[in-house]
Amino acid sequence: MLYYVPSPAAAFQSTKYIFQSVYYGRFLETIHLYTAYAMIMLAFMHMMRGYFVSVHKKPREMMWLVGMIMGFVTLGFGFTGYLLPWTVVSKSATDVGIGMIDALPAQISSFISFLIVGAGGDATELLRFYDLHVVVLPAVLLVLLTAKMFMLETHGIAEPPAASSQKEDGMTLPIFPDVTVYLLGLAAMFGSAMLLISVILPLNLPPEYTPQLAAQYTPQPDWYFLWIYQILKIQIFEGGGLPIALSLVAILFLALFLLPFIDRGNQRRILNRAKFVTIGLILVAELLVLTYWGLITPGQVISTENALLVLAGTAVLVAAVSLGAYSFLRGRGKRGGLAISSTAKRTSFMLRTGAALVVFIAVGSLSIGSSLNGSVSLILNGENQFGFLRLVLSLISLGIMFLGAAFFIYRLELRSGSVKRRIPFFEVGWTTNDAQ
Amino acid sequence: MTPNEKIVALLLLLQAVSAFFLWTLDALGAVSEGKFAVFLAVDLLAFTLTAYVYTHEKWGEATSRVWILAGSLGLMILLFVGLYFP
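Protein sequences appear in the order of chains A and B.
Take any residue in the first sequence, count from 1 to its spot, add 52: that is its number in our numbering.
Take any residue in the second sequence, count from 1 to its spot, add 641: that is its number in our numbering.
Any given hint might turn out to be false.
[As the list claims (entries may be wrong)] Estimated spans, in silico, between C-beta atoms of each pair:
id : chain 1 : residue 1 : chain 2 : residue 2 : range
1  : A       : Phe-380   : B       : Val-658   : 39 to 47 Å
2  : B       : Leu-724   : A       : Met-91    : 52 to 60 Å
3  : B       : Ser-705   : A       : Gly-376   : 28 to 36 Å
4  : B       : Leu-724   : A       : Ala-245   : 16 to 24 Å
5  : A       : Leu-236   : B       : Phe-726   : 25 to 33 Å
6  : B       : Ser-705   : A       : Gly-317   : 36 to 44 Å
7  : A       : Pro-111   : B       : Val-658   : 43 to 51 Å
8  : A       : Ala-61    : B       : Arg-706   : 58 to 66 Å
9  : A       : Asn-358   : B       : Trp-664   : 55 to 63 Å
10 : B       : Arg-706   : A       : Pro-295   : 44 to 52 Å
11 : B       : Trp-664   : A       : Met-93    : 29 to 37 Å
12 : A       : Ala-239   : B       : Leu-724   : 41 to 49 Å
13 : B       : Phe-661   : A       : Phe-380   : 54 to 62 Å
14 : A       : Met-93    : B       : Leu-710   : 27 to 35 Å
[What the hints assert, rightly or not] Computed far set for chain A versus chain B, every beta-carbon distance over 12 Å:
id : residue
15 : Tyr-75
16 : Phe-79
17 : Gly-102
18 : Val-105
19 : Thr-232
20 : Leu-248
21 : Val-301
22 : Ile-448
For the record, the hints were derived by calculation from the structure and aren't laboratory data.
None of these values were measured; they are calculated from a predicted model.
Glycine included, C-beta positions come from ideal geometry on N, C-alpha and C.
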């Protein structure tokens, strides 16, 4: 902030000055970048760890919501900070991101555009991004952090169920010096790692942004947005399909945000939450696959068939491994004395039901793709009988697969005895032998 | 002195030496940023080990020899890298 000038004419030159002429400038820029990356990575890992060990459950629903908003703010830091050096890499990627806003509904897009681009023009855009990055977002994050710390004081840490059951009565640690020294030690270790990474991989400044240079460059976002970028490159989402792709991403974010109200069961142990843990594993696997795929195919449009094959294949593979592991662990759990009953017959039932569920999920994934394809074709090409018939068939197939998956998940839950609301229709053919 | 107290004493000495090296670097000259980063990393890592021994000692838990040895080895390597950094 002492040397950087947030104007299109001077942003790159001032960044270059920091790199080349300010003592330790390049070092500070490098460590700023890597700690920002680490912040995004650790925030994601923290969220997924919370998802798997059920920290979102009562009474910590609000902590989850606040944490999710903090996650969005962290991504906002990444998005706004990326533009500031005004390099061809950062400006091109940010332009693509801003361009996507136009695909949102008019009221939302005009509001966001007003917020981040202002009256238009590069100068306003850069100044807004700078203000958001150094003033607005830090202030918002500070308020959210205070709120979350207050809630942490009120509810305490969400310990793993096993730990809380073994907790010694009345054992507490003072914030100072015990907890403070422990946290400072962790912070020092993190700082040390960041310093060494900065030494090993020093940052190089890309060329300055000019419209001529940008025309020769394939825009690509930073790694944490690559998965969205890859989704948008799928053929069916090109052009008119962009709002659908953005809606899918928005639904994913919304589902994660509202997780405390979706996953409302009392079970917190990972072993007893096969359904949500498997979904979480599929999500992580898909994000990794999309990120890597986006990295190695810059600017390439991905055919719908390839995308379906890779994404559905990943989902099936992860689901099969996860459900297989659950069947195995539940079998071992009985022998190991854990509170999970199992017999050879029961394991066989779980495996068969799990395998059927995996098949249904796989076909369901293909049906989702086919329905999307049909919808986009109808929107783009107008009404035609073949397209309409294909869409109807895909939707029927999707409905059957959805019901089938629900049926098998219900039977798995029925077997584990964790069903809360009985559905007689799903218990057709269920005998007491099955329940043994 | 207990073994843990001896370890902490050595780590504090190492932190002092590393801080001295940092002090000797000429911040207004064309000094290697890498050298500065490595010595700062030595300081921070030594503090991490000190905090580890302190908290375990205070909580009545045994410190792991593996962690202490691995940390010490890491510190030695970093010191040599720092001294010979271009």
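Verification of the supplied hints:
no., hint, result
1, A/Phe-380 x B/Val-658: 39 to 47 Å, "violated, 53 Å"
2, B/Leu-724 x A/Met-91: 52 to 60 Å, "violated, 32 Å"
3, B/Ser-705 x A/Gly-376: 28 to 36 Å, "holds, 34 Å"
4, B/Leu-724 x A/Ala-245: 16 to 24 Å, "holds, 21 Å"
5, A/Leu-236 x B/Phe-726: 25 to 33 Å, "holds, 26 Å"
6, B/Ser-705 x A/Gly-317: 36 to 44 Å, "holds, 37 Å"
7, A/Pro-111 x B/Val-658: 43 to 51 Å, "holds, 50 Å"
8, A/Ala-61 x B/Arg-706: 58 to 66 Å, "holds, 59 Å"
9, A/Asn-358 x B/Trp-664: 55 to 63 Å, "holds, 58 Å"
10, B/Arg-706 x A/Pro-295: 44 to 52 Å, "violated, 59 Å"
11, B/Trp-664 x A/Met-93: 29 to 37 Å, "holds, 34 Å"
12, A/Ala-239 x B/Leu-724: 41 to 49 Å, "violated, 26 Å"
13, B/Phe-661 x A/Phe-380: 54 to 62 Å, "holds, 57 Å"
14, A/Met-93 x B/Leu-710: 27 to 35 Å, "holds, 29 Å"
15, Tyr-75, "violated, 6 Å"
16, Phe-79, "violated, 4 Å"
17, Gly-102, "holds, 24 Å"
18, Val-105, "holds, 23 Å"
19, Thr-232, "violated, 10 Å"
20, Leu-248, "violated, 5 Å"
21, Val-301, "holds, 38 Å"
22, Ile-448, "holds, 59 Å"
Violated hints, in rising order: 1, 2, 10, 12, 15, 16, 19 and 20; the structure is consistent with all others.
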